[in-house]
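*Asks:* Read top to bottom, the protein sequences are chains A and B. Going left to right, the first sequence walks through residues 2 to 167 as our numbering numbers them. Going left to right, the second sequence walks through residues 52 to 239 as our numbering numbers them.
A portion of the hints provided could be inaccurate.
[To be verified] Here are the computed lysine to aspartate or glutamate pairs in the EDC-like style, where the Cα-Cα straight-line distance is at most 16 Å:
#1 B:Lys153 x A:Asp60
#2 B:Lys159 x A:Asp147
#3 A:Lys143 x A:Asp115
#4 B:Lys153 x A:Asp93
#5 B:Lys153 x A:Glu65
#6 B:Lys153 x B:Glu194
#7 B:Lys185 x A:Glu151
#8 B:Lys153 x A:Asp135
#9 B:Lys153 x A:Asp64
#10 A:Lys143 x A:Glu65
#11 A:Lys143 x A:Asp82
#12 B:Lys228 x B:Glu91
#13 B:Lys153 x A:Asp149
#14 B:Lys185 x A:Asp20
#15 B:Lys228 x B:Asp88
#16 A:Lys143 x A:Asp60
#17 B:Lys159 x B:Glu194
#18 B:Lys226 x B:Glu91
#19 A:Lys143 x A:Asp64
[Claimed, not checked] Computed beta-carbon distance windows for the label pairs:
#20 A:Ala148 x B:Lys185: 14 to 22 Å
#21 B:Cys209 x A:Asp149: 36 to 44 Å
#22 A:Arg152 x B:Cys111: 22 to 30 Å
#23 A:Gln29 x B:Ala218: 20 to 28 Å
#24 A:Leu142 x B:Pro136: 37 to 45 Å
No wet-lab data here; the hints were simulated from the structure. Beta carbons: idealized from backbone N, C-alpha and C, even for Gly.
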Amino acid sequence: MTELAGRVTSLDGISAADDDAVLANGCQHVYHSQSSAIRDAARLFRDSDYHLEHITCLDLRSDEGGGLRLSYQFNVHGTSDRHLLLVDLAPDAHAPTIVDIFRGADWYEREAFDMHGVVIDDHPDLRRLLMPEDYTGHPLLKDFADADPERHIMAAPMSEEDEGDG
Amino acid sequence: MASQSESSTTSQSVDPDLSSVDPEVLVEQVRPLVHLDTLENLLNHARANSLWPLTFGLACCAIEMMAVGASRFDLDRIGAGVFRPSARQADVMILAGTISRKMGPVIKTLWDQMPSPKWAIAMGGCTIDGGPFKYPGQYAIIEGADRIIPVDVYVPGCPPRPEALFAGILKLKEKIKAGETGYRRNPA
Numbered sequence: 002m003t004e005l006a007g008r009v010t011s012l013d014g015i016s017a018a019d020d021d022a023v024l025a026n027g028c029q030h031v032y033h034s035q036s037s038a039i040r041d042a043a044r045l046f047r048d049s050d051y052h053l054e055h056i057t058c059l060d061l062r063s064d065e066g067g068g069l070r071l072s073y074q075f076n077v078h079g080t081s082d083r084h085l086l087l088v089d090l091a092p093d094a095h096a097p098t099i100v101d102i103f104r105g106a107d108w109y110e111r112e113a114f115d116m117h118g119v120v121i122d123d124h125p126d127l128r129r130l131l132m133p134e135d136y137t138g139h140p141l142l143k144d145f146a147d148a149d150p151e152r153h154i155m156a157a158p159m160s161e162e163d164e165g166d167g
Numbered sequence: 052m053a054s055q056s057e058s059s060t061t062s063q064s065v066d067p068d069l070s071s072v073d074p075e076v077l078v079e080q081v082r083p084l085v086h087l088d089t090l091e092n093l094l095n096h097a098r099a100n101s102l103w104p105l106t107f108g109l110a111c112c113a114i115e116m117m118a119v120g121a122s123r124f125d126l127d128r129i130g131a132g133v134f135r136p137s138a139r140q141a142d143v144m145i146l147a148g149t150i151s152r153k154m155g156p157v158i159k160t161l162w163d164q165m166p167s168p169k170w171a172i173a174m175g176g177c178t179i180d181g182g183p184f185k186y187p188g189q190y191a192i193i194e195g196a197d198r199i200i201p202v203d204v205y206v207p208g209c210p211p212r213p214e215a216l217f218a219g220i221l222k223l224k225e226k227i228k229a230g231e232t233g234y235r236r237n238p239a
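Assemble the whole structure, with the sequences as input and the hints as a guide.
*Replies:* The structure is reproduced here in structure tokens:
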């Protein structure tokens with residue numbers, strides 16, 4: 002375990018994942034984290050000159066339970082040292098923003114909100130990223146059903162008086 | 052041809068080539084009120100040989116569309132190489148690529164901004180019926196260009212070869228010379 006990994010796991014609410022998780026995703030270090038610890042970990046990685054590779058979200062709900070999982074990956078240039086932070090959330094839980102720590106987290110967090118409905122607390126501009134602004138629902142949730150599939154089709158309304166303008 | 056709108060409406064049967072189009076979209080197809088045959092034929096000949104497409108690409112099909120405009124295939128040979136950056140100057144909209152639901156209203160607006168006579172070519176599987184992105188419960192795309200605007204020529208392929216789009220434009224020329232006048236009713 003590197004010195005940085007030791008400092009990450011010493012944070013409150015973060016523990017190292019078992020070796021299976023490490024083998025499964027190719028990151029040298031994998032952690033399970035409480036959402037309250039995300040910001041502390043992000044600060045630690047930033048101060049160690051790591052950058053944010055991505056944030057993504059998974060819907061792991063099944064008959065046996067489970068919830069949403071945010072995953073944050075932090076990389077560094079020069080050496081092969083990837084750190085993956087897994088944050089398990091209840092389906093309606095919130096997560097803290099890290100936009101003020103890593104500016105590049107902005108659109109990732111908006112995507113997690115748009116696609117999975119994860120509300121990011123204190124995000125400066127939490128709008129939908131991919132779906133139309135007036136859309137309802139979060140398409141990547143497993144129980145998603147499109148409320149109105151025809152909404153953006155817009156068959157053109159015509160009037161009888163309005164003839165061709167050729 | 053604004054002077055034509057002073058006489059009574061002529062009724063015409065629906066073009067059989069458009070039978071597969073959603074009837075609600077077909078309503079937009081409007082015929083001119085008076086036929087001055089010789090003049091119309093002359094105008095159609097001119098229109099068919101100077102189709103100005105809208106500079107407008109949606110996805111990967113647009114790369115093939117660019118190839119059609121470039122020197123190897125050279126749309127200028129048939130007078131259709133003048134891609135116009137303004138909808139106000141364009142005659143034909145080549146829908147080249149996947150139509151996302153977010154893009155749908157933009158395309159409809161562009162189409163409405165094009166002055167009649169105007170025509171549309173649906174290029175590639177996505178604009179024909181959604182193509183590879185069509186599945187039950189999909190939330191991202193509009194399944195076919197003819198769900199938002201009337202389409203004159205469908206060019207299959209994923210993406211179609213440049214020759215295929217070229218053939219589609221030639222087919223549109225045939226339709227125009229045969230009297231597919233391209234007059235469209237404006238939305239209310």
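*Asks:* Are the hints correct? Go through all of them and say.
*Replies:* Each hint tested on the structure:
1. B:Lys153 x A:Asp60: It is violated: about 24 Å lies between the C-alpha atoms, which goes past 16 Å.
2. B:Lys159 x A:Asp147: violated, 22 Å
3. A:Lys143 x A:Asp115: The hint holds at about 14 Å.
4. B:Lys153 x A:Asp93: Cα-Cα ~26 Å, so violated.
5. B:Lys153 x A:Glu65: Cα-Cα ~36 Å, so violated.
6. B:Lys153 x B:Glu194: Holds - the C-alpha atoms of Glu194 of chain B and Lys153 of chain B are around 13 Å apart, at most 16 Å.
7. B:Lys185 x A:Glu151: Given that 16 Å is the threshold and the Cα spacing comes to 14 Å, the pair holds.
8. B:Lys153 x A:Asp135: This hinted pair holds, its Cα atoms lying about 10 Å apart.
9. B:Lys153 x A:Asp64: violated, 34 Å
10. A:Lys143 x A:Glu65: holds, 14 Å
11. A:Lys143 x A:Asp82: Not satisfied, since the Cα-Cα distance of roughly 33 Å exceeds 16 Å.
12. B:Lys228 x B:Glu91: Measuring from Cα to Cα gives roughly 9 Å; hence the hint holds.
13. B:Lys153 x A:Asp149: Since the Cα atoms of Lys153 of chain B and Asp149 of chain A sit roughly 14 Å apart, the hinted pair holds (cutoff 16 Å).
14. B:Lys185 x A:Asp20: violated, 40 Å
15. B:Lys228 x B:Asp88: holds, 12 Å
16. A:Lys143 x A:Asp60: holds, 7 Å
17. B:Lys159 x B:Glu194: Within the cut-off at roughly 14 Å; holds.
18. B:Lys226 x B:Glu91: Given pair Lys226 of chain B, Glu91 of chain B holds - Cα atoms ~14 Å apart, limit 16 Å.
19. A:Lys143 x A:Asp64: Satisfied, since the Cα-Cα distance of roughly 12 Å is no more than 16 Å.
20. A:Ala148 x B:Lys185: 14 to 22 Å: holds, 19 Å
21. B:Cys209 x A:Asp149: 36 to 44 Å: The hinted range 36 to 44 Å is violated for Cys209 of chain B and Asp149 of chain A, with Cβ atoms some 29 Å apart.
22. A:Arg152 x B:Cys111: 22 to 30 Å: holds, 26 Å
23. A:Gln29 x B:Ala218: 20 to 28 Å: Since Gln29 of chain A and Ala218 of chain B have Cβ atoms about 55 Å apart, the given range 20 to 28 Å is violated.
24. A:Leu142 x B:Pro136: 37 to 45 Å: The hinted range 37 to 45 Å holds for Leu142 of chain A and Pro136 of chain B, with Cβ atoms some 40 Å apart.
Hint compliance for this structure: hints 1, 2, 4, 5, 9, 11, 14, 21 and 23 are broken, all remaining hints hold.
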